[in-house]
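If you're matching them up, the sequences are chains A and B in order.
Be aware that the first sequence starts at 169, since it is given in the working numbering, and climbs by one per residue.
Be aware that the second sequence starts at 169, since it is given in the working numbering, and climbs by one per residue.
Heads up, a few of these hints could be off.
[Said to hold, decoys possible] To spell it out: a stretch of chain B is covered by chain A in this simulated footprint if at least three of its residues, at any positions, have a beta carbon under 8 Å from a beta carbon of chain A; those stretches are:
(1) 302-314
(2) 355-364
(3) 371-381
I should point out that these hints are in silico values taken from the structure, not numbers from a laboratory.
Computed from a prediction, not measured in an experiment: that's the story for all the values here.
For every residue, glycine included, the Cβ atom is placed at its ideal position computed from N, Cα and C.
Number of protein chains: 2
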Amino acid sequence: MTDMDSVEAHRARVLAGIGPVEPAWLGLEAAEGAVLAAAAVATVPLPSFDNSSMDGYAVHASDVAPATDEAPVILPVADEIPAGDTRAVTVAPGTCARIMTGALLPAGADAVAPVEWTDGGTSQASFSQPAPKGNAIRRAGEDVAVGAVLLPEGTRLGPAQIALLAASGHGSVLARAAPRVAVLATGNELSEPGSPLVPGRIWESNSYMLAAAVRQAGGVATRHRAEDDPEVILARIEELSAQADLLITSGGVSMGGEHDVVKAALSGAGAATAEVTFRKVAMQPGMPQGFGLAGPDRTPVLTLPGNPVSALVSFWLFGRPAMDALQGLAPRPLPSVRAALTGRVTSPVGRRSYLRGVLAPDAATVTALTGQGSHQLGALARANALIVVPEDLTAMEAGEVADVLSLP
Amino acid sequence: MTDMDSVEAHRARVLAGIGPVEPAWLGLEAAEGAVLAAAAVATVPLPSFDNSSMDGYAVHASDVAPATDEAPVILPVADEIPAGDTRAVTVAPGTCARIMTGALLPAGADAVAPVEWTDGGTSQASFSQPAPKGNAIRRAGEDVAVGAVLLPEGTRLGPAQIALLAASGHGSVLARAAPRVAVLATGNELSEPGSPLVPGRIWESNSYMLAAAVRQAGGVATRHRAEDDPEVILARIEELSAQADLLITSGGVSMGGEHDVVKAALSGAGAATAEVTFRKVAMQPGMPQGFGLAGPDRTPVLTLPGNPVSALVSFWLFGRPAMDALQGLAPRPLPSVRAALTGRVTSPVGRRSYLRGVLAPDAATVTALTGQGSHQLGALARANALIVVPEDLTAMEAGEVADVLSLP
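Working from the sequences, and respecting the hints, build out all of it.
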């Protein structure tokens, strides 16, 4: 099958054609899921001031050193310091100040006695045990020192990373945002779901499916549709290329004839700005594939086959890695396990099959579903895994162990 | 430690207080991530008509039965049927029709000969091998039969499920949408990230962090903040309860005194509509917890501690299950593995520790990070796992195998 590319070769072609998008300063909510384009550095220590880790009393440790249950030390309460209090309080020797968790440690004090070690008094407090020097004090910088790298370049920002940035005072960060992906479904046969149907036409599912898959992968998706006219399709692609970091088309890329409209649009005489390679890839489903750059901005365009199962499997294999690359990350493959087949599976000669299957909860066995046609969405919707049958095999038997990709 | 509830007891309290939200008819894009409130049933077969699975020629199989390389059968091409063509075409015996993938099979034809088996002619075509009856034909209903359950009640809708619904003509579905979660951070000490800071105050991170965690778990989050005033906080909670399926507060729930403003707001005399239980939970971080119902709509409210590490760990343990329950699903626990500790870890007596750690790529070993304080976001931001140290242990040694929760 020398006329086909391997899955790896096509993925390499896609990744070679995609560079990271320009970074932008993003507010903390916009930055969720974004990837840092430069290290975030601590401009202040974290915590930024010495503070109490408990509700209690700020004291001179030496004052309460002799305290016991039998002979408690009694100190006047000279002040009360709630969290958020910005006054410069000083605790004189022989006195104490009531202090709350997170509150600024007053000058003079070198320990906090938790309220549980006292009688909780408000005008005076009785201490029944010593509070060693430094007790219940969070020191400035003990979490992060000034100048330390909070998060290195290339960090994807989840809740904990957003929290660290916020707590360190960063209101915005230089990052590559979630990729904007425009999905364009082509085909004269397509009708809108919910509308009546006549024989010969089908309800359009690819734009909904691929947009959902893009969002599931952390991208921002828009849905579009075009009739089977190469000029219309090319115009639509050029228009969308200005609004998206990645274009994904579905349909119109078979190896047949004049009805391969996406191929015609992107390789015809009118397509001066397009440079797209169309190839057979040695896989099933999803043999006809294409990738290149199109439009004035030379936006990456991934042309997926129109059969819905082919389109979604292709998105998982090529589209998700492309989205990672747009954020400057090494592509994350789908999680892979090895599991024993519960029954015989077959595969066409020379092509790698990605059969829709159900991986058991213990991940020990995997069962291929009935209905493996490229148009058969029923099985796809029940699948949680893809069973990989290598190019050089035409069958695998029950009990054989296969590579299995977990679906997102 | 009889004065504390277990993590399981508190989680059970939360889940007992939460019922599924009312389902609504959602369009296919709004339905992404939603959960079906009723089975979706096929009202038409899928495919809805017999169609060609390849580009080729619709023929009477008997006409091409004698075809060989040496003695090809030649038939006039009487018509051409692209995908989307809705005409009622009939192929007479002794003729053929050019047909594209997905196009309606014409009456009379009982097989499709792929273009690869022919000379690809347009006025007449030469067939060099037989096309058996039924070849390359997708029969109506072979994916899904009329009346079949497309997706059962309780299905979470990802890309493949959305595709199946769309392809079956469902423009909308009865489903429970992604939960709407209002996050309310309390504390007079809080300043907005990006603004200048004075000693005694800290940059607010919890609302950003928890909103990001809610979105990561598939919810819709809004962020809010209130000063440390029980009346203000109660009014805010009652207002937000009308706009959200779940309220999450952070801060103001320690076991101490008058500064526990969330506790005061929800258990004071003014809180006629609130019924919230505040308890110590035998865990670290995150001992002070609360859950109940508040506001005119009796909206579930989860009151998390204010230390950011405590708040996020608590959200993972209690908030994510609550979100599943709002969609009518059995809560999905964080994925758990068993891994060997690379060093000694300690834990307070009687409390279950959730230490921030790094699980190795092979999931065989796990390393506790330096900086396990409840305020130490640095370690949290580097962690990919929580190491669980049971209540009855105060230490585990290097080489011992621990339960480890993978972080989302």
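Going through the hints against the structure:
no.: 1; hint: 302-314; in the structure: holds (count 4)
no.: 2; hint: 355-364; in the structure: holds (count 8)
no.: 3; hint: 371-381; in the structure: holds (count 10)
Hint compliance for this structure: every hint is met.
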